[in-house]
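For the protein sequence lines, the chains are A and B, in the order given. If you count the first sequence from 1, position 244 lands on 916 in this note's numbering, and the numbers rise without skipping. If you count the second sequence from 1, position 266 lands on 269 in this note's numbering, and the numbers rise without skipping.
Keep in mind the hints are simulated off the structure, nothing from the lab. Treat the hints with care, as some may be off.
Unchecked claim - Selected chain A positions facing chain B (Cβ under 8 angstroms, derived; list incomplete):
#  : residue
1  : Leu678
2  : Lys690
3  : Thr693
4  : Arg695
5  : Trp698
6  : Thr759
7  : Ala764
8  : Thr768
9  : Arg771
10 : Leu773
11 : Arg846
12 : Ser847
13 : Pro849
14 : Val928
In this text the structure is predicted, and so the values were computed from the model without any measurement. No residue lacks a Cβ here, since even glycine has one placed at the ideal position from N, Cα and C.
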Amino acid sequence: MSTYELTPTRVLRSEWHKLWTLRSTWITLMSAGLLTFGIGLLMGATYETGGGDGDVDVVVLTLIGVQFAQIAFAVLGILVTAGEYSTGMIRASMTTVPRRLPVLWSKAAVFGAVTFAVTLVTAFVTFPAAQLFFAGTDQEASLGDPGVVRALVGSSAGLTLLGLIALGLGALVRSVPGAIGAFIGGMMVLPEVIAMLPYDIVADAVEYFPTKALESLLSAEAVPGAASPGGALLALTLWAAATLAAAALLLERRDV
Amino acid sequence: MTRPHGIEAVELTKRYGDKTVVHDLTFSVRPGSVTGFLGPNGAGKSTTMRLLLGLDAPTRGHSTVGGRPYAAHPAPLTEVGALLEARSIHPGRTARNHLLALAHTHGIPPSRVEEVIGMTGLTDVDGRRVKGFSLGMGQRLGIAAALLGDPATLILDEPVNGLDPDGVLWIRTLLKSLAAEGRTVLVSSHLMSEMAVTADHLVIIGRGRLLADTTVEAFVRDAGASAVKVVSPEAASLAGLLGGPVVDVERAGPDELLVRGTDSRSIGRTAAAHGIPLFELTPVTASLEQAFMDLTHEAVEYQAVPLEGAAA
């Protein structure tokens with residue numbers, strides 16, 4: 673008699689195993705973390721008071737490497753879903769879990785938890801390390817200053833949600849290059865293009881686009897004209913939820 | 004473990020756009036024997052298997068494995084072990100990690116993973132990434148994955164593809180022993196010769212339609228190609244004596260006849276009764292391959308008619 677049974681917890685366990693048994697996971701996570709940390713130190717080391725960056729928010733300046741890291745996390749999110757289609761692994765996954773949806777939820781949960789942990793550690797290591805250089809300049813700040821902890825946690829939450837959008841896009845597009853193209857086009861280029869339209873309402877709406885929302889989450893001090901931290905977080909959550917819901921709907925309906 | 008059900012396909016139909024790949028396919032596969040799923044390339048075998056596993060949704064019709072739709076089982080891996088034609092393995096993982104990832108979903112312990120690695124002869128390569136695997140090793144890994152849940156039913160798409168002669172023999176023995184244990188085994192192939200030595204039952208399709216659902220034995224018999232070769236110096240007069248409403252006599256040469264519809268015993272009697280000497284009297288059994296070709300010929304020919312017309 674066998675006691676084998678398919679359960680959601682076990683699917684989660686399987687996706688955890690899948691994530692860590694691929695080199696691409698280690699490479700993207702390490703490069704994203706190191707890039708953020710390295711660029712943060714570089715910002716501190718090369719900073720001069722009166723050099724023109726005095727009005728830039730201290731967390732934004734420290735975590736400027738997030739601009740690059742977000743692409744690495746997006747690529748990882750896309751590899752988690754679309755990677756299974758390009759390798760054929762999806763057929764094994766969907767035969768093993770024929771109800772399909774637990775696979776998507778588990779992928780999102782595992783990727784979300786890991787990304788949040790890595791980005792949180794990165795932010796809280798990079799900020800104090802960069803401050804060793806910023807000390808004595810007009811960018812001197814501490815974790816206790818208003819908004820700093822919120823912005824550091826916000827960077828982590830924002831990157832995680834942006835990564836989840838990419839994961840959902842990967843499941844929708846089913847191709848790694850296709851999803852990377854959709855992510856860069858839709859998340860990074862499109863808001864810039866739309867922002868050029870000469871309507872106030874468009875300018876306001878663009879602030880709630882995922883990458884724009886991440887920017888305002890990163891800022892310790894409120895940015896005039898941008899979304900509030902709470903609004904930005906809500907917007908990113910809705911974007912991620914909508915993308916994953918669409919991915920789930922199509923995963924149930926389409927042939928594998 | 005109760006294993007009474009087997010596979011049931013009822014009026015399975017799959018259309019992609021305006022192309023009907025599987026057409027109104029009804030068949031059943033019983034436990035305890037190896038069933039060969041045969042058809043020329045492109046006949047719809049892989050699609051049918053994908054429909055059975057719920058990877059594709061049928062346009063019409065339905066199927067059950069072990070008495071339920073595949074997805075309705077609480078532990079699908081213990082119900083069906085599947086090997087698909089297209090590779091279903093991430094090349095970046097090691098063989099063991101691939102199997103562990105599948106095993107975790109059902110709470111299958113690592114000891115069972117080691118067991119199937121041993122059974123499929125992957126012990127020396129289980130720590131290597133699948134990227135460097137030969138076609139044969141990839142196939143063995145696919146079979147290891149299929150055996151993981153000790154399933155009641157096996158659905159294997161062209162399992163001998165890429166295997167060396169040792170591997171082919173191993174598969175044959177494996178399939179027969181799995182069936183002998185009471186499991187349901189459905190194995191597809193486009194080679195009749197392979198199925199002749201492996202399968203007991205045959206489900207034959209061509210262009211997505213069912214052509215035959217029979218046993219290997221009955222298939223050859225019913226193919227109606229059995230004949231008796233007769234060589235006699237008085238072939239012409241013998242032909243006159245033998246010919247009749249159910250007996251077909253074909254002149255194969257000046258002294259040679261090919262007789263269908265009767266057996267060598269009665270031909271010998273007739274010849275003896277009329278004092279006709281016989282030099283040779285040989286029953287000719289059609290090869291399985293020939294019977295298969297004859298059966299699928301129409302399905303293939305149907306497709307090729309316009310081309311022949313153009314060539315002429």
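Status of each hint after checking the structure:
no.	hint	verdict
1	Leu678	holds (5 angstroms)
2	Lys690	holds (5 angstroms)
3	Thr693	holds (4 angstroms)
4	Arg695	holds (6 angstroms)
5	Trp698	violated (11 angstroms)
6	Thr759	holds (5 angstroms)
7	Ala764	holds (4 angstroms)
8	Thr768	holds (5 angstroms)
9	Arg771	holds (6 angstroms)
10	Leu773	violated (11 angstroms)
11	Arg846	violated (14 angstroms)
12	Ser847	violated (15 angstroms)
13	Pro849	violated (17 angstroms)
14	Val928	holds (4 angstroms)
Going down the numbered hints, you'll see the structure goes against 5, 10, 11, 12, 13, while the others check out.
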